[in-house]
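Given only the sequences and the hints, what does the whole structure look like? Please build it.
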Amino acid sequence: MIAPPESDHLKAGDDPDPRMTDARHYSVHESLRNGVAVQIRALHPDDGGRMDEAFKKLEQESIRLRFFGAKSGLTEQEHRLIRELDFDSRVVLVVTLMERGEEIIIASGSYSRMGKDAAEVAFIVEEDYHGQGVAHHLLWHLGLIARERGIARFEAEVLPHNLAMRRVFASSGWPMTSQRVDDVIHIVLDLTRVPG
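Counting from 1, one number per residue, gives the positions in the sequence shown under our numbering.
Keep in mind the hints are simulated off the structure, nothing from the lab. Take the hints with a grain of salt, since some may be wrong.
What the hints assert, rightly or not - Cut-off 20 Å, straight-line C-alpha distance, at most; resulting in silico cross-link-like pairs (SDA-like, lysine to any residue):
(1) 57 <-> 75
(2) 116 <-> 152
(3) 56 <-> 103
(4) 57 <-> 104
(5) 56 <-> 46
(6) 56 <-> 96
(7) 57 <-> 122
(8) 116 <-> 89
(9) 57 <-> 79
(10) 57 <-> 128
(11) 116 <-> 87
(12) 56 <-> 100
(13) 57 <-> 85
(14) 56 <-> 98
(15) 56 <-> 99
(16) 56 <-> 74
(17) 116 <-> 75
(18) 56 <-> 104
(19) 57 <-> 36
(20) 116 <-> 88
(21) 56 <-> 77
(22) 57 <-> 126
(23) 57 <-> 131
(24) 116 <-> 85
(25) 116 <-> 86
(26) 57 <-> 74
(27) 57 <-> 118
(28) 57 <-> 99
(29) 57 <-> 102
(30) 57 <-> 96
(31) 56 <-> 128
(32) 116 <-> 155
(33) 56 <-> 82
(34) 116 <-> 22
(35) 116 <-> 149
(36) 56 <-> 130
(37) 57 <-> 129
Said to hold, decoys possible - The following label-pair restraints were derived from C-beta to C-beta distances:
(38) 104 <-> 180: 16 to 24 Å
(39) 25 <-> 182: 34 to 42 Å
(40) 131 <-> 177: 24 to 32 Å
Virtual Cβ for every residue (Gly too), placed ideally from N, Cα, C.
Written out as structure tokens, the structure is:
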């Protein structure tokens with residue numbers, strides 16, 4: 001089991017700070033495994049252009065693993081979702097860093113409610129930052145927000161050969177069950193327990 005990320009605001013076992021779990025204004029700073037400082041924050045209504053730029057940098061394999069097929073860019077419906085995100089039924093966090101004086105997005109993670117106490121969770125990380133703990137950080141912070149909103153479990157569908165994402169879920173510290181259903185692995189994380 002991997003310990004929860006060493007956030008500058010919260011350590012494992014601490015009670016979440018209510019200012020942190022206000023999803024619409026969520027913002028924390030983390031360090032990746034390679035020492036790069038990043039911000040994990042709520043998606044903002046004006047992030048459409050930054051999300052477009054982030055998508056352009058993705059390799060087709062990463063897109064296929066996340067969306068289960070080809071995708072050339074964000075749709076107008078997805079841009080509308082960015083502008084009108086409610087942070088109740090759906091929460092989106094992005095991981096950003098500063099590059100030549102500009103904030104760039106290197107990853108995003110989201111959950112969408114499925115009924116009262118469950119949510120589907122998903123991530124995508126730019127390839128240059130794979131293996132640096134980005135998805136692990138996103139999962140941890142999304143889990144904190146979800147728990148505060150009464151969500152008891154995260155569910156995810158992962159392609160069987162996406163071993164990196166399966167490892168992220170398995171190492172989260174939250175109890176996990178997984179089952180192969182047709183051509184995907186269905187994963188469930190129990191958020192009712194604080195990971196150690």
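Hints violated by the structure (listed by number, smallest first): Failing hints, ascending: 13, 17, 27, 38.
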